[in-house]
Each structure stands twice: as structure tokens, then as C-alpha cells.
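Enquirer: Below are the chains, spelled out letter by letter.
Number of protein chains: 2
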Amino acid sequence: MEYVLPLQKLIEKFCTLRGVGYKTAVRYAFSVLDMSEEEAAEFAGAIISAKRDIHPCEVCGNLSDGEECGICSDAARDKSVICVVEDTRAVMALEKVKEFNGLYHVLGGVISPMNNVGPEQLRIKELLSRINSGDVRELIIATNPNIEGETTAMYISKLVAPLGIKVTRLAYGVPVGADLEYADEMTLMRALDGRRQI
Amino acid sequence: MEYVLPLQKLIEKFCTLRGVGYKTAVRYAFSVLDMSEEEAAEFAGAIISAKRDIHPCEVCGNLSDGEECGICSDAARDKSVICVVEDTRAVMALEKVKEFNGLYHVLGGVISPMNNVGPEQLRIKELLSRINSGDVRELIIATNPNIEGETTAMYISKLVAPLGIKVTRLAYGVPVGADLEYADEMTLMRALDGRRQI
Numbered sequence: 061m062e063y064v065l066p067l068q069k070l071i072e073k074f075c076t077l078r079g080v081g082y083k084t085a086v087r088y089a090f091s092v093l094d095m096s097e098e099e100a101a102e103f104a105g106a107i108i109s110a111k112r113d114i115h116p117c118e119v120c121g122n123l124s125d126g127e128e129c130g131i132c133s134d135a136a137r138d139k140s141v142i143c144v145v146e147d148t149r150a151v152m153a154l155e156k157v158k159e160f161n162g163l164y165h166v167l168g169g170v171i172s173p174m175n176n177v178g179p180e181q182l183r184i185k186e187l188l189s190r191i192n193s194g195d196v197r198e199l200i201i202a203t204n205p206n207i208e209g210e211t212t213a214m215y216i217s218k219l220v221a222p223l224g225i226k227v228t229r230l231a232y233g234v235p236v237g238a239d240l241e242y243a244d245e246m247t248l249m250r251a252l253d254g255r256r257q258i
Numbered sequence: 061m062e063y064v065l066p067l068q069k070l071i072e073k074f075c076t077l078r079g080v081g082y083k084t085a086v087r088y089a090f091s092v093l094d095m096s097e098e099e100a101a102e103f104a105g106a107i108i109s110a111k112r113d114i115h116p117c118e119v120c121g122n123l124s125d126g127e128e129c130g131i132c133s134d135a136a137r138d139k140s141v142i143c144v145v146e147d148t149r150a151v152m153a154l155e156k157v158k159e160f161n162g163l164y165h166v167l168g169g170v171i172s173p174m175n176n177v178g179p180e181q182l183r184i185k186e187l188l189s190r191i192n193s194g195d196v197r198e199l200i201i202a203t204n205p206n207i208e209g210e211t212t213a214m215y216i217s218k219l220v221a222p223l224g225i226k227v228t229r230l231a232y233g234v235p236v237g238a239d240l241e242y243a244d245e246m247t248l249m250r251a252l253d254g255r256r257q258i
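As given, the protein sequences belong to chains A and B, one line each in that order. FYI, in our numbering the residues of the first sequence are 61 to 258. FYI, in our numbering the residues of the second sequence are 61 to 258.
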């Protein structure tokens with residue numbers, strides 16, 4: 061037997077969220093029923109507003125509720141360094157560190173022949189025009205440390221090489237706090253490779 | 061750093077769902093951003109509709125999108141047996157079994173002095189008037205097998221005793237497929253107590 065129709069529909073909507081199974085969706089739907097009318101209306105409004113009011117920043121492609129995102133429009137940031145990332149989540153992760161003071165460039169994915177994503181689907185053209193038009197000195201490529209991220213990093217670095225700016229890549233190595241015993245061979249190899257004098 | 065405001069608001073709304081922490085809420089919010097405008101609008105609409113169109117059934121208190129729920133208005137069901145449960149979730153669990161063909165009565169909770177819930181907050185008065193007005197022969201009390209469920213079952217059975225109808229309680233015992241080794245002592249005691257000839 062199914063739930064009453066409006067509840068069933070809500071459960072199905074919750075099922076479309078990433079990582080939500082049927083039982084979890086049922087629990088969420090009942091949470092909504094436990095809300096007041098106002099809370100439910102605010103929840104629905106937040107969904108609508110997130111879709112309607114958030115757009116990619118015209119400069120870097122990061123999420124923004126204006127034309128330029130908060131980072132690009134921040135005069136205190138160093139405009140000579142651009143950190144190239146796959147998506148907004150990477151921007152958030154790096155911003156949490158509070159170490160990097162440059163700008164970002166969100167590619168919107170990585171080169172992945174498996175998923176039919178080529179360089180032309182990414183915001184690489186926009187990256188080149190940013191480099192050409194400005195005083196960029198360094199490009200830090202911070203795509204994820206996997207094959208596709210690596211391929212994309214190589215592709216961009218080759219493309220940018222003739223422009224004569226410095227291109228760097230995040231350091232590979234053993235994660236802080238991890239146990240060497242559980243590190244995979246590739247990571248250990250890279251950590252040895254990139255060893256530094258103390 | 062926080063996310064852009066509309067996203068931050070949506071994340072906070074997802075955090076109000078039962079069992080959702082901040083990281084999970086962020087994942088869900090990004091899922092919403094990945095939806096099309098139509099999908100997001102349908103999602104928001106489903107939340108509004110669930111709150112607006114679902115009401116307790118006038119007879120049994122089960123969730124319904126009309127005045128009477130699908131079970132109470134089903135002429136094929138046996139109106140002489142009422143199964144008393146804590147909430148709608150219990151109705152759904154029992155309906156899945158496809159064994160019970162009577163009606164339900166949803167209490168809307170259990171007697172719990174810890175949470176300031178007394179008998180007057182539950183739909184016990186409505187239960188008594190259903191018994192008084194009709195041809196109910198049996199009351200199956202199916203509150204959860206814990207102290208509060210047990211207390212509520214005892215309370216109702218004492219209240220109903222003078223009315224001369226049969227009052228039963230779901231059987232306690234070891235769950236099918238379980239391992240005796242892992243059954244707790246109370247359950248094993250009840251299982252021994254309720255042993256049946258084979």
C-alpha cells in the first residue's frame with residue numbers, strides 16, 4: 061500500500077536528492093508534515109529562491125547571487141593569482157583554509173571522455189581570456205587528484221605554457237594525521253617524490 | 061566563509077529535517093541547484109501540497125487527503141476489529157503485511173510523563189466514542205513494545221474493560237530470522253512465556 065497521494069509525491073521528490081533512498085525520503089516527508097505551515101512555506105520558498113537567484117559569477121563561474129561573486133568583487137584579493145578548480149565545492153573547501161587570497165576559476169567539471177565531457181564543455185576559453193586580458197602571474201591548478209583531474213590539469217598547463225605565466229599544481233603527499241600503513245602506493249610514491257628538506 | 065545567501069538559507073532548511081546534519085544538507089542543496097527549474101518548482105509544490113492537502117482522517121486519525129482515509133472508507137474491511145497504533149508509520153508497517161483487514165485508530169503518540177504527554181493529549185476519547193457507537197468486537201493494541209507503549213496499552217485496556225469487548229496485544233517474542241544469541245533477556249523471557257505447542 062502506498063501513502064496518501066500528496067505524501068507519496070513528496071517522498072518521490074525527496075528520492076531525487078543525491079544519496080537519498082526510499083526509507084530516508086519517508087522520514088524527511090514526515091518531517092515536513094511535522095513542520096508548521098509557515099516553516100513548510102519557507103522551505104518551499106528557499107528551494108525556489110536558490111534556483112532563481114543563484115547564477116554563475118560572470119568572471120569566475122563560482123555561484124553568486126549578483127553578477128560578480130563575493131570573491132571576484134573583493135578589492136582586497138590578489139588578482140594576479142588564479143586557482144583553477146572543478147566546481148564550487150572546491151572553492152568552498154579552499155576558502156575554509158583561509159590561506160589563499162587570490163581569485164578562482166571554476167571549470168564546471170573535468171575532461172572526461174567516459175562522460176562525453178571535452179575541453180569545449182568546460183570554462184577553459186573564459187580562463188584564457190582572463191589570462192590574456194589581465195595581469196595574471198600564476199595559475200594554481202587544483203583539480204581533484206584523480207586521473208580526470210590530472211588530465212585536465214595537463215591539458216590546461218600545455219595550453220597556457222606559451223603565455224609565459226607560472227603554472228603550479230597542488231602538492232601530492234600523505235594527508236596530515238593519516239597512517240602511512242594505510243596510504244596507497246601511488247600516494248606514497250608521490251610523497252617520496254615531492255620530499256622536502258627539513 | 062558561508063555560501064551565497066540563497067544557498068545558505070536552503071542548507072539551513074534542509075538541516076531542519078530529521079537526521080540531517082550540515083554536510084548532508086549541503087549535498088542536498090547542491091542537488092537542488094542541479095535540478096531544472098521545473099523540477100525545483102515541483103519539489104517546492106510537493107512540500108506545500110503535503111502540508112495543505114493532508115489532514116487526519118475524521119474517524120481514525122490516519123493521514124488522509126479527504127475527510128475519511130482510504131481504509132475507513134473501504135467497505136470491504138472488517139469494522140468489528142480496531143487496531144490501536146501510535147502513529148501513521150505503524151499503520152503503514154501493518155498494512156504492508158497484508159494480513160490485517162480491520163480498521164485502525166491512531167492515538168497520535170503514547171502516554172509519556174517525561175514528555176508531558178498524558179492520556180488527554182491522545183485520541184483516546186475518540187476511541188471510546190467509536191467503541192460506544194458501533195459494533196466493535198475486538199481491540200488489538202499495537203503500541204510499540206517499550207515502556208511507554210506498554211503503559212499506554214495497559215491504560216487503554218483498563219479503560220475499555222468495563223465495555224465488555226475483547227482486548228488483545230501483539231505477541232512478544234524473538235523476531236523471525238534473528239539469532240537467539242543476540243536477543244535481549246526481556247525478549248527471550250517473553251518468548252518463553254508465550255511459547256506455543258507445535
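Hints may contain errors.
One copy or any two copies: either way a pair holds, since identical chains are not told apart in the list.
Unchecked claim - Taking lysine to aspartate or glutamate pairs in the DMTMM-like style, the calculated list, with each CA pair at most 25 Å apart, reads:
no., residue 1, residue 2
1, LYS69, GLU186
2, LYS69, GLU102
3, LYS218, ASP94
4, LYS83, GLU62
5, LYS69, ASP147
6, LYS69, GLU127
7, LYS185, ASP239
Derived by calculation from the structure, the hints in this document are not laboratory data. In this text the structure is predicted, and so the values were computed from the model without any measurement.
Enquirer: Hint by hint, say whether it matches the structure.
Expert: Going through the hints against the structure:
Proximity of LYS69 to GLU186 under the C-alpha cut-off of 25 Å is found in neither arrangement, the shortest distances being 41 Å within a copy and 30 Å between copies. Taking the shortest alpha-carbon separations for LYS69 and GLU102, both the intra-copy value of 19 Å and the inter-copy value of 10 Å come in at or below 25 Å. Taking the shortest Cα distances, LYS218 and ASP94 never come within 25 Å of each other, neither inside one copy (56 Å) nor across copies (31 Å). With identical chains, the CA atoms of LYS83 and GLU62 are at most 25 Å apart within one copy only, with a shortest distance of 13 Å there and 31 Å across copies.
In the homo-oligomer, the alpha carbons of LYS69 and ASP147 lie at most 25 Å apart only across protomers (20 Å), although the nearest pairing inside one protomer, at 31 Å, exceeds that limit. In this homomeric assembly, LYS69 and GLU127 come within 25 Å of each other (Cα to Cα) only across copies, at 19 Å, whereas the closest approach inside a single copy is 35 Å. Taking the shortest Cα distances, LYS185 and ASP239 never come within 25 Å of each other, neither inside one copy (41 Å) nor across copies (62 Å).
Hint compliance for this structure: hints 1, 3, 7 are broken, all remaining hints hold.
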